[in-house]
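Protein chains in written order, with numbering that gives the first Met the number 0: chain A, 0 to 229; chain L, 0 to 229; chain H, 0 to 229.
Incorrect hints may appear among the rest.
Which copy? The list can't say, so a pair holds if one copy fits it or any two copies do.
To be verified - 30 Å max Cα-Cα, derived DSBU-like pairs, lysine-lysine:
hint	residue 1	residue 2
1	K182	K3
2	K63	K218
3	K166	K182
4	K149	K218
5	K182	K149
6	K212	K3
7	K63	K181
8	K3	K64
9	K64	K182
10	K166	K212
11	K149	K68
12	K64	K218
13	K68	K182
Because the hints were derived from the structure by calculation, they are not lab data.
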Amino acid sequence: MVNKSVRLGNNVEIGENVVIEDNVFIGDNVVIGHNVVIKKDTIIGSGVQIGDLTILGKSTSSNKKMARKPEKNLSPLVIEEDVTIGCNSVIYRNVQLKRGVFVGDLSSIREKVEVGEDSIVGRNVMVETNTQIGQRVTIQTGCYITADMKIEDDVFIGPCCSSSNDKYMGMGNFEHQGPIIKKNAKIGNNATLLPAIVIGENAIVGAGAVITKDVPAGKTVVGNPGRIIR
Amino acid sequence: MVNKSVRLGNNVEIGENVVIEDNVFIGDNVVIGHNVVIKKDTIIGSGVQIGDLTILGKSTSSNKKMARKPEKNLSPLVIEEDVTIGCNSVIYRNVQLKRGVFVGDLSSIREKVEVGEDSIVGRNVMVETNTQIGQRVTIQTGCYITADMKIEDDVFIGPCCSSSNDKYMGMGNFEHQGPIIKKNAKIGNNATLLPAIVIGENAIVGAGAVITKDVPAGKTVVGNPGRIIR
Amino acid sequence: MVNKSVRLGNNVEIGENVVIEDNVFIGDNVVIGHNVVIKKDTIIGSGVQIGDLTILGKSTSSNKKMARKPEKNLSPLVIEEDVTIGCNSVIYRNVQLKRGVFVGDLSSIREKVEVGEDSIVGRNVMVETNTQIGQRVTIQTGCYITADMKIEDDVFIGPCCSSSNDKYMGMGNFEHQGPIIKKNAKIGNNATLLPAIVIGENAIVGAGAVITKDVPAGKTVVGNPGRIIR
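This is chain A alone, in the form it adopts within the complex:
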């Protein structure tokens, strides 16, 4: 079901059982898999590839217990040229995927997130709201990128890393802050990052480390709690 108000470029391939809602824009040479759902207002640049059973442009929702309420006037999802998106993924409104980004299967990106040029968001990665991801960043399979986080250019995050943004675990009523990972830092697999810590430029966090305080630029930290070894 392609809505009449959809603006379709040249040479667009659309799979079976695809739903494209109102006011969607699709550029040239776009490939859309089977059973894909593209929600209203989504903007898709030329050369984009979208895997089967993926949802683009989801609105937010919530329940009584949630601190963050759904927002009514989120801007659309914008997918720039030559982005590749996997299968069975869910990407929200008010996300910007810059040129050449890769998003793996079974992943999800919440609203108010920007992913910089040529960055990789691996399979089964969950990105929360209000987070900035730089250019040429690699986020490997199964990572959890919390809300209110900042990841600078050329950062590498190994598989299954976890982060958090709330020191008081739901008890407090103040500002949340996720970790800040500076340029070119590298994080090993299954590392745990606490709220608001800063990982310095070129720093290295070992696999399985638990990072409870800032890591100076260029240093290597391992263990639980993390301690500097180099």
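Position chains L and H against the provided structure of chain A, taking the given hints into account.
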């Protein structure tokens, strides 16, 4: 394809390519996304919202190696009033989602699980069979909630926490028991909970901690293995 | 949409909104759920069950930043007799699922992977490329199985375990090697395995352990970094 035996309330919105099998009951003012599959016998209360590409009421299956065999006469999935369910999720038969529950995208809940009023089961959370979750519980993104576990009211579980229920890792032939988390306890992100441990009321488990024995009420535990610091 | 070139066995059940592309072979007594996508060339043996909203036979893709480029001539996905596959899963071309394998919901298996007879790949498990999994292996929910890994027969891997294959985290230009897990070893939940380590036969890795070097056969290792306790 909506089967003839489906009982539909007033003002139900049904997306494209939706499959609703035999003997489903759907209350008033329900919103069902695109490409959703609702399996037979499912009961959906008024005001429920179901995201795109989600499956409700799945039956169990297994293979030769699995200890738990599929059960033939599981009662239906019951979704109470004002529940919100995300996209690309899989919820089994014999689950009860109480009024106001929120279930995120890409999550799955196995059979014989009850989730209490207003609780949150975040994105990409996996809940195993035979587990009880209380009221106003928050289970954040990417958590793994093992089988045979008990989570009391007002518990907070941070992102990516992991739990287990089998001390002998598939070698034994005895009863399994998951962790028991008492009222109002808080668990930091990426913590690891061993089988059958009890986390006391108001206790706090630090991010990345590995909990190998019971945590007394009100105490704070960090590290690997976890030790009491307050 | 079932393509004309599809060869269908006897007594095949096909759900609603299913897409079966060119040159697919489906054996007798196969059950295919709703909204399933079966990509071209896939071979499905007798008695196979496929859950709703699952994708079989995906081709690889990549972006500029990725080291591994998509391969053009991958052989087809082969699913042997009596395999059971869950819902919302994504399985690539050039995967071999041997007789009796079970693959859970929301999981994904990349190309060049073989899963041996009667093994279990749990819900939300991600398996990377070029990995061998033996017979009667159990990989529990939420595990991350890296690329270039070898898992021998009768291994048990608890929930949420993580592994990696690249010591230099994207910096180097040499061969990658994932962990090697020998026969009958057991890994506790949320353990972290570093690149190229060998877990010996009958060894036990504790829950939450971080394994930075080889574990001798029959030994038990816990902690961060892992140390032998028995």
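Verification of the hints:
no. : hint           : verdict
1   : K182 with K3   : neither (45 Å within a copy, 53 Å between copies)
2   : K63 with K218  : between (43 Å within a copy, 29 Å between copies)
3   : K166 with K182 : both (24 Å within a copy, 19 Å between copies)
4   : K149 with K218 : within (19 Å within a copy, 32 Å between copies)
5   : K182 with K149 : within (10 Å within a copy, 34 Å between copies)
6   : K212 with K3   : neither (54 Å within a copy, 60 Å between copies)
7   : K63 with K181  : between (36 Å within a copy, 22 Å between copies)
8   : K3 with K64    : neither (39 Å within a copy, 37 Å between copies)
9   : K64 with K182  : between (36 Å within a copy, 16 Å between copies)
10  : K166 with K212 : both (12 Å within a copy, 24 Å between copies)
11  : K149 with K68  : both (22 Å within a copy, 28 Å between copies)
12  : K64 with K218  : between (40 Å within a copy, 25 Å between copies)
13  : K68 with K182  : between (32 Å within a copy, 25 Å between copies)
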